[in-house]
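Each step along the sequence shown adds one to the number in this note's numbering, with nothing skipped, and position 36 is 445.
Think of the hints as simulated: they come from the structure by calculation, not from any bench.
Quick caveat, the model's predicted, so the values are computed rather than measured.
Errors might be hidden in some of the hints.
[Stated by the list, open to error] Here are the simulated lysine-lysine pairs, DSS-like style, with alpha carbons at most 30 Å apart: (1) Lys524 - Lys495; (2) Lys800 - Lys748; (3) Lys893 - Lys619; (4) Lys811 - Lys705; (5) Lys801 - Lys865; (6) Lys742 - Lys506; (7) Lys723 - Lys584; (8) Lys723 - Lys744; (9) Lys647 - Lys865; (10) Lys884 - Lys705; (11) Lys753 - Lys742; (12) Lys800 - Lys705; (13) Lys524 - Lys742; (14) Lys723 - Lys753; (15) Lys884 - Lys811; (16) Lys800 - Lys746; (17) Lys805 - Lys753; (18) Lys805 - Lys744; (19) Lys800 - Lys744; (20) Lys746 - Lys801; (21) Lys742 - Lys801; (22) Lys543 - Lys524; (23) Lys893 - Lys705; (24) Lys753 - Lys811; (25) Lys506 - Lys584; (26) Lys723 - Lys884; (27) Lys506 - Lys524; (28) Lys495 - Lys506; (29) Lys805 - Lys705.
[To be verified] Quick list of simulated restraints, FRET-style, between CB atoms: (30) Leu517 - Gly419: 31 to 37 Å; (31) Pro774 - Val569: 21 to 27 Å; (32) Lys800 - Ser615: 51 to 57 Å.
By construction, the Cβ of each residue, glycine as well, lies at the ideal position given by its N, Cα and C atoms.
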Amino acid sequence: MNTVMLIYFGVLLLAVAVYYIVPKRGRWIVLLTFSLLFYLLISTYLIVFLLATALSVYFTARYVLRPVQEDSEKKTDESADPTAEKAAAEKRVRRNKSIIVLTILFNLALIGVLKYYNFFGQTFSSLLSLAGLKVEFPVLRLALPLGISFYTLSAIGYMVDIHRGKYAAERNFGKFCLFLCFFPQILEGPICRYDQTAAALQEGHSADAKGMLFGVQRIVWGLFKKMVVADRLYLLVKTIGDTPAQYSGIASVLFMVCYTIQLYADFSGFIDIALGSGELFGIRLPENFRQPFFAKSAQEFWQRWHITLGAWLKEYVFYSVALSPRVTGPAAKLKKKVKNHFTKMLPTIVALFAVWLCNGLWHGPEWKYIVYGMYYFVIIVAGMLAEPLFKKLYAKLRVDPKNLGLRIFRHIRTILIILIGETIFGANSLRDGLYILSSVFRPYGGSIFGLGLDYKEWIIALIGMAAMLAVGIVKERGVDIRGKITAAVLPVRWASYIAVAVFLVLFGAYGDMYSVVPFIYGNF
Numbered sequence: 410m411n412t413v414m415l416i417y418f419g420v421l422l423l424a425v426a427v428y429y430i431v432p433k434r435g436r437w438i439v440l441l442t443f444s445l446l447f448y449l450l451i452s453t454y455l456i457v458f459l460l461a462t463a464l465s466v467y468f469t470a471r472y473v474l475r476p477v478q479e480d481s482e483k484k485t486d487e488s489a490d491p492t493a494e495k496a497a498a499e500k501r502v503r504r505n506k507s508i509i510v511l512t513i514l515f516n517l518a519l520i521g522v523l524k525y526y527n528f529f530g531q532t533f534s535s536l537l538s539l540a541g542l543k544v545e546f547p548v549l550r551l552a553l554p555l556g557i558s559f560y561t562l563s564a565i566g567y568m569v570d571i572h573r574g575k576y577a578a579e580r581n582f583g584k585f586c587l588f589l590c591f592f593p594q595i596l597e598g599p600i601c602r603y604d605q606t607a608a609a610l611q612e613g614h615s616a617d618a619k620g621m622l623f624g625v626q627r628i629v630w631g632l633f634k635k636m637v638v639a640d641r642l643y644l645l646v647k648t649i650g651d652t653p654a655q656y657s658g659i660a661s662v663l664f665m666v667c668y669t670i671q672l673y674a675d676f677s678g679f680i681d682i683a684l685g686s687g688e689l690f691g692i693r694l695p696e697n698f699r700q701p702f703f704a705k706s707a708q709e710f711w712q713r714w715h716i717t718l719g720a721w722l723k724e725y726v727f728y729s730v731a732l733s734p735r736v737t738g739p740a741a742k743l744k745k746k747v748k749n750h751f752t753k754m755l756p757t758i759v760a761l762f763a764v765w766l767c768n769g770l771w772h773g774p775e776w777k778y779i780v781y782g783m784y785y786f787v788i789i790v791a792g793m794l795a796e797p798l799f800k801k802l803y804a805k806l807r808v809d810p811k812n813l814g815l816r817i818f819r820h821i822r823t824i825l826i827i828l829i830g831e832t833i834f835g836a837n838s839l840r841d842g843l844y845i846l847s848s849v850f851r852p853y854g855g856s857i858f859g860l861g862l863d864y865k866e867w868i869i870a871l872i873g874m875a876a877m878l879a880v881g882i883v884k885e886r887g888v889d890i891r892g893k894i895t896a897a898v899l900p901v902r903w904a905s906y907i908a909v910a911v912f913l914v915l916f917g918a919y920g921d922m923y924s925v926v927p928f929i930y931g932n933f
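Model the full assembly from the supplied sequences, consistent with the hints where possible.
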């Protein structure tokens, strides 16, 4: 376990102990205090960037809200000129929109410089060199504030919601700051929206034995996925990923499969820890995964994987682009001239391009992430455009779309799509990812036990993956597995707890034989 997580659990234990001692109305202050303490311990002086985002968004939202509140509090003046009032209202809307845009641009500039400056600088240098211009942008060694990719999205979403009149701006700066930096979610999400979590964060919850037990259950399960499965598979992934040219065939296939499982176990493992931590305080954070490998299409996969990122992009990017007059206007003109499925779907396609470009860039300043986003854009759009053709084909061949064989085919097809995408995502570079994909059908003469995992390590990894699969199957069938365990007779209940805890302690990939593996999404 790395230093960040040791600090995290230390802060968590202290926060839980203090939270239930303090009177209810002051418990949100405990959460804010320990969230800022955790941030200071991990990012030290970089907390200024978090505070810059919090202050800029808070004051802008309050400034935008004030005229609306004043208007609602004023008594109706019958002598007022309706035309003048309408003009004043329109002027205020334009002004508020400009201020919101400037605040959003300010926060995008913060993350743009800290996270993307070197990438875009090198890209522009390369483009200018093609035109015969030699311009070198200096390479800056900039530290990245903890969770900046996550809290920036939450802040922008809050700003847009205020502009849309979805809810009133928060008056208390401390409460707004808690929404942005609540420590269980600051590392890797989930990406929360103000109306989802603010009330729960601010409410002083009573101690609940069942809720706290559920929280501990989920934290332990998250640690199991991370330490038993993800960190063990990392040994194979690193062995092949560092020198992909030395491997091919089954070794390349194992990289594709093991990295995909490692990423899921690592990311969903931390989300389990975060959600379990929230439950210790009586706070329910939004789910971020829903058995993604049971999806039957790439589109459904992304409705089950990193759910809060997908929801954010849908709400604030997809709809903003798809409903923009700059998109709907030209699309309507084209549709009058050419009436087909493509022109009908054009606003959706343009919006999806923006969504997947943002998705790729959000993950990191590398070409592999941009290609990763564009890969899913092409796959999903191709599926949407081909859907009418498949419907006609099924009708002509009298094939039931719910046919078991067809469902199995869709599952296998989707798994292959996911494996290809995650290989691009997980390789050290775009070139390495493409090489691994191209080497799959070339023979490999080595042993699978020489790829970082020996026979015993494979057995432990397979047992861990089997446990994850079993839990996934049960949850996919709608069974509340945690509720079932809690409701079981005492011997069965404690046998389940002890079995997972003992397996975690005995077979977790930690100690002198293993590398300390940071959470993958902690780098984003």
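Each hint tested on the structure:
1. Lys524 - Lys495: 43 Å, violated
2. Lys800 - Lys748: 19 Å, holds
3. Lys893 - Lys619: Status holds; Cα separation ~13 Å.
4. Lys811 - Lys705: 11 Å, holds
5. Lys801 - Lys865: It is violated: about 51 Å lies between the C-alpha atoms, which goes past 30 Å.
6. Lys742 - Lys506: Holds, at roughly 28 Å.
7. Lys723 - Lys584: Holds, at roughly 26 Å.
8. Lys723 - Lys744: Status holds; Cα separation ~24 Å.
9. Lys647 - Lys865: 18 Å, holds
10. Lys884 - Lys705: With a Cα-Cα distance of about 17 Å, the restraint between Lys884 and Lys705 holds, given a limit of 30 Å.
11. Lys753 - Lys742: 11 Å, holds
12. Lys800 - Lys705: 16 Å, holds
13. Lys524 - Lys742: Violated - the C-alpha atoms of Lys742 and Lys524 are around 39 Å apart, more than 30 Å.
14. Lys723 - Lys753: 19 Å, holds
15. Lys884 - Lys811: 21 Å, holds
16. Lys800 - Lys746: 25 Å, holds
17. Lys805 - Lys753: Between Lys805 and Lys753 the Cα gap is close to 24 Å, so the pair holds against 30 Å.
18. Lys805 - Lys744: Distance ~28 Å between Lys805 and Lys744 Cα, so the pair holds.
19. Lys800 - Lys744: 23 Å, holds
20. Lys746 - Lys801: 25 Å, holds
21. Lys742 - Lys801: Holds, because 28 Å separates the two Cα atoms, which is no more than 30 Å.
22. Lys543 - Lys524: 24 Å, holds
23. Lys893 - Lys705: 28 Å, holds
24. Lys753 - Lys811: Status holds; Cα separation ~27 Å.
25. Lys506 - Lys584: At roughly 24 Å apart (the allowed maximum being 30 Å), Lys584 and Lys506 satisfy the hint.
26. Lys723 - Lys884: 26 Å, holds
27. Lys506 - Lys524: 26 Å, holds
28. Lys495 - Lys506: 16 Å, holds
29. Lys805 - Lys705: Given pair Lys805, Lys705 holds - Cα atoms ~22 Å apart, limit 30 Å.
30. Leu517 - Gly419: 31 to 37 Å: Roughly 34 Å apart at Cβ, these two residues keep to the hinted range, so it holds.
31. Pro774 - Val569: 21 to 27 Å: 24 Å Cβ-Cβ, so the 21 to 27 Å window holds.
32. Lys800 - Ser615: 51 to 57 Å: 53 Å, holds
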